[in-house]
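**Student:** Listed below are the residues making up each chain.
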Amino acid sequence: MTAPQVPSVTRRIEQDRVDRYAVAGRDPNPIHRETPEAYAGPFGRPAAHGMILLAMVSEAMGAAFGLAWAETGSFKVRWRSPALPPVTVTASATLKKDQDGLATYEVVVQDEHGETLLTGTAAARYA
Amino acid sequence: MKTDLEFSDLRKGDTFAEFPLSVTADEVLAYLDATGESPAIWTQHVPPLFLDALVVAELLAQVTIPKGVMHTGQEHESHRAARIDEVLTVRMGVAALSEKRGVTLAAFEADLRDAAGEPVTTMRISVMVAPDGVTV
Numbered sequence: 001m002t003a004p005q006v007p008s009v010t011r012r013i014e015q016d017r018v019d020r021y022a023v024a025g026r027d028p029n030p031i032h033r034e035t036p037e038a039y040a041g042p043f044g045r046p047a048a049h050g051m052i053l054l055a056m057v058s059e060a061m062g063a064a065f066g067l068a069w070a071e072t073g074s075f076k077v078r079w080r081s082p083a084l085p086p087v088t089v090t091a092s093a094t095l096k097k098d099q100d101g102l103a104t105y106e107v108v109v110q111d112e113h114g115e116t117l118l119t120g121t122a123a124a125r126y127a
Numbered sequence: 001m002k003t004d005l006e007f008s009d010l011r012k013g014d015t016f017a018e019f020p021l022s023v024t025a026d027e028v029l030a031y032l033d034a035t036g037e038s039p040a041i042w043t044q045h046v047p048p049l050f051l052d053a054l055v056v057a058e059l060l061a062q063v064t065i066p067k068g069v070m071h072t073g074q075e076h077e078s079h080r081a082a083r084i085d086e087v088l089t090v091r092m093g094v095a096a097l098s099e100k101r102g103v104t105l106a107a108f109e110a111d112l113r114d115a116a117g118e119p120v121t122t123m124r125i126s127v128m129v130a131p132d133g134v135t136v
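These protein sequence lines are chains A and B, in that order. So in the working numbering, spot 99 of the first sequence is number 99, and the numbers just go up one at a time. So in the working numbering, spot 87 of the second sequence is number 87, and the numbers just go up one at a time.
A portion of the hints provided could be inaccurate.
Stated by the list, open to error - With beta-carbon atoms standing in for the labels, derived distance ranges:
1. 114(A) x 5(B): 37 to 47 Å
2. 7(A) x 24(B): 36 to 46 Å
3. 117(B) x 34(A): 43 to 53 Å
4. 99(A) x 39(B): 24 to 34 Å
To be verified - With a straight-line cut-off of 30 Å between C-alpha atoms, the simulated DSSO-like cross-links for lysine-lysine are:
5. 12(B) x 67(B)
6. 76(A) x 67(B)
7. 76(A) x 12(B)
As the list claims (entries may be wrong) - Which residues of chain A face chain B? A few of them, derived with a C-beta cut under 10 Å, are:
8. 45
9. 50
10. 86
11. 87
Treat the hints as calculated values from the structure; they're not laboratory data. What you are looking at is a predicted structure, and each value in this text was computed from that prediction instead of being measured. Note that beta-carbon positions come from the ideal geometry of N, C-alpha and C, so glycine has one too.
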């Protein structure tokens, strides 16, 4: 067996998705919503939860590894820039190391302009 | 043990009161609807990142986070998949805390265990707090 290829995940992030995530993820921070705090904040408008971007990395790894992603997966990421809706973002993974059934990928999330929003590594066992 | 804290009260090594965490099937579906992921493989198990999101939410509930906070990093290791409706116990503490030129960097580590005390997930949440009015 060899390490699976991890598919890219592309998604349009609109404010309504961010609002739904605020409820489902129990993160009511006003900087993510249409609030005065968001417009007075560091980005001048609402920013999507970084966890929505990271969820796309998790989705990509789940698509490649199935339940093994939840059983054996790990990741280490940093957010580099905010995603400001509406924005189209793509999460992608490149195989970095394949040893003893453990596949490690470099992961990145970029917006449609090529700006990097998130970087890191993700790994899971396939054998 | 810590509850109802101000961020400025935190010290490295502080621990929070343990708390239970369980996730229903409806909560998984709502989470997946929000993130856009298909529920196909999450009919019996919890998407691993949802556990991180809920622990971050609990951190926000237990600690009064100042304006200017940014979630800068996240680490996660799964030891096994968490099942829907399974009750886990979360232990969380302050793993790192430093301040430089008015910017505070903090890291929180959480350990999720099952009813038998076996590890399910460990994670590390990194945040940065800039002083009011400073954009970093």
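**Student:** Each of the hints needs a verdict: does it hold here or not?
**Tutor:** Hints, verified against the model:
no.: 1; hint: 114(A) x 5(B): 37 to 47 Å; verdict: holds, 41 Å
no.: 2; hint: 7(A) x 24(B): 36 to 46 Å; verdict: violated, 29 Å
no.: 3; hint: 117(B) x 34(A): 43 to 53 Å; verdict: holds, 44 Å
no.: 4; hint: 99(A) x 39(B): 24 to 34 Å; verdict: holds, 32 Å
no.: 5; hint: 12(B) x 67(B); verdict: holds, 21 Å
no.: 6; hint: 76(A) x 67(B); verdict: holds, 25 Å
no.: 7; hint: 76(A) x 12(B); verdict: holds, 21 Å
no.: 8; hint: 45; verdict: violated, 13 Å
no.: 9; hint: 50; verdict: holds, 5 Å
no.: 10; hint: 86; verdict: violated, 14 Å
no.: 11; hint: 87; verdict: violated, 13 Å
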